[in-house]
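Could you put together the complete structure from these sequences and hints?
Protein chains: 2
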Amino acid sequence: MNNSFQEISNIILNSDDILLYPHLNMDGDAMGSAAALCRALRNAGKNCYILIEDKVADNLAFLDKGYCTENADIIAEPDLSICIDCGDESRFPERAEKFRTSKKTICIDHHRTTKEFCDFNYIDPESAATAQLIYKLIKTMNIPVDKEIGEAIFAGITTDTGNFQYSNTTEETHRIVAELYEAGIDANKVSVEIYENNRIQRLMITSRILATLETLLDGKCALCYVTQEMLDETGAMMEETEGVVQQLRAISGVEVAVFLKEKDETTTKVSMRSKSYADVAKIAATLGGGGHVRAAGATINKPVCQAMELMKTKLIESLGE
Amino acid sequence: MNNSFQEISNIILNSDDILLYPHLNMDGDAMGSAAALCRALRNAGKNCYILIEDKVADNLAFLDKGYCTENADIIAEPDLSICIDCGDESRFPERAEKFRTSKKTICIDHHRTTKEFCDFNYIDPESAATAQLIYKLIKTMNIPVDKEIGEAIFAGITTDTGNFQYSNTTEETHRIVAELYEAGIDANKVSVEIYENNRIQRLMITSRILATLETLLDGKCALCYVTQEMLDETGAMMEETEGVVQQLRAISGVEVAVFLKEKDETTTKVSMRSKSYADVAKIAATLGGGGHVRAAGATINKPVCQAMELMKTKLIESLGE
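Protein chains in written order, with the numbering used here: chain A, 1 to 321; chain B, 1 to 321.
These are computed hints drawn from the structure, not numbers from a lab.
Any given hint could turn out to be false.
Identical copies carry no separate label here, and so any pair may be met within one copy or between two of them.
Unchecked claim - List of simulated lysine-lysine pairs, BS3-like, C-alpha gap at most 27 Å:
#1 K220 x K189
#2 K189 x K275
#3 K282 x K115
#4 K189 x K282
These figures come from a predicted structure and were not determined experimentally.
Here you go:
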């Protein structure tokens, strides 16, 4: 069972040296939540840092105002360690030992799979973003929400809700953001930082990938792939192909979008998205993969061209009448 | 000076036969605003239609639940005509005469250039979307906001605010949307209808256009073009190239994004966007065009390849040190 924000608030306010642990490979919600809480706790006079083990993504670096460090000794013996937007130690493996040595631990998260593995826990899968929980926690601690805290919270909310378009967005999401505007945030500035910071290689690889587009079953399925050669030629990184599968799903009439990534000559990773009725987790399961009804994936031990053919067969089997 | 919502509300509630006039080439705000008001007025027992003169875009057709008609005689002698999201008769040219014959006219709009050209006017350039004004008007009329009205209002707001990312978004925008959630809207469903309804040709032409990408001044400028041949080969329509210039601006380090559209062999249209400091209206003015500081355009009487060279010269002149 969750502790209350009041209990967690008391624990925090009675601590002085505090480390925050967002998950590896920080997204906007992890970084925004951690930055907001770090700023709030420093404003309240605490000695607080965000302990990380990998680089902050370029488009989120504007949120790090001297908060992030890879130096675990920056606080030798923390009174308190708070893990943020992550559900177990595998999400912060190199920091797990430091986390465990803390006198007390807290988990603030919104992932459905997270168990209560800390001394104190607030896990709410109904919350669109961990940043919403952090906002409520800061309010409970009676720390004023300034512009900077507000912008970090906004960063977390807008990225985890797909700019308020995903079905996790609620009335409360918009009420909180309205309050952030009251706190003086410049939401447009945050959006420009986060979304208008693509490397040119991202556009180049996207163009190349879209040129591989194939459709199936009267346009019900759309497939694309990327190879290592395409990455080499454009200088793009594999993570810059994220977003392609959503573009495929956004085609009119497409129910299932499939994106194949050549990992090496004999390994292909496949990502699938469905729009309104198809269960892609089921298709993924037949390939030894898994996921959700609308978003799933698998690894196929075949070269990318053979994996394309296999996927077409699978799609015809599961969606063809 | 604006009339009050109360005055306008009284005029509407004292009318029976009402025609609504959204602008030509309806966007999400025009269609969402008109659909919301039409539904509300029908719920209040009025005989109400949306009079149009061009086809409703495919991705907005879900909002038309028997409201839209091209038949101006559907109401022979309207008590009231309301123009929505448009500021003068040039925005509804084929319907202008009908509009003028109405006993009373009202304008509800948020465009900065709109003058008070109707009998009653509510023009608020500070409003992120006309849909926000329609929402407030419906509330003033005491007509309950049902799910369908709410979803149409949401469609208008989300499209005109760039999914709550543009700087026109305010605290009030989010407060209104929170109330729409209370009214039971399925915002995700609306978003999927509007944004996941692209023709496959849009992706194909985007891929082709991005392949023409050139940068200038150490990546400060990004340029792309589209030709009639590229449109022919992909089967795409020129309007499906919308959005490309924003993608260019979203490249890290790019201050000015330029997109050239070949109209015919001797005419090229150019769209420009700037990110944070460049005044593209100034550059457009040197080409006989115009616009805003961050978004401007012009027509160049040259073939597209020569227009590209001209634009590069202009960019170097205005941005090179």
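Hints, one by one, checked against the model:
| no. | hint | verdict |
| --- | --- | --- |
| 1 | K220 x K189 | between (38 Å within a copy, 19 Å between copies) |
| 2 | K189 x K275 | between (31 Å within a copy, 10 Å between copies) |
| 3 | K282 x K115 | within (25 Å within a copy, 58 Å between copies) |
| 4 | K189 x K282 | between (41 Å within a copy, 23 Å between copies) |
The structure fails none of the hints (numbered hints given earlier).
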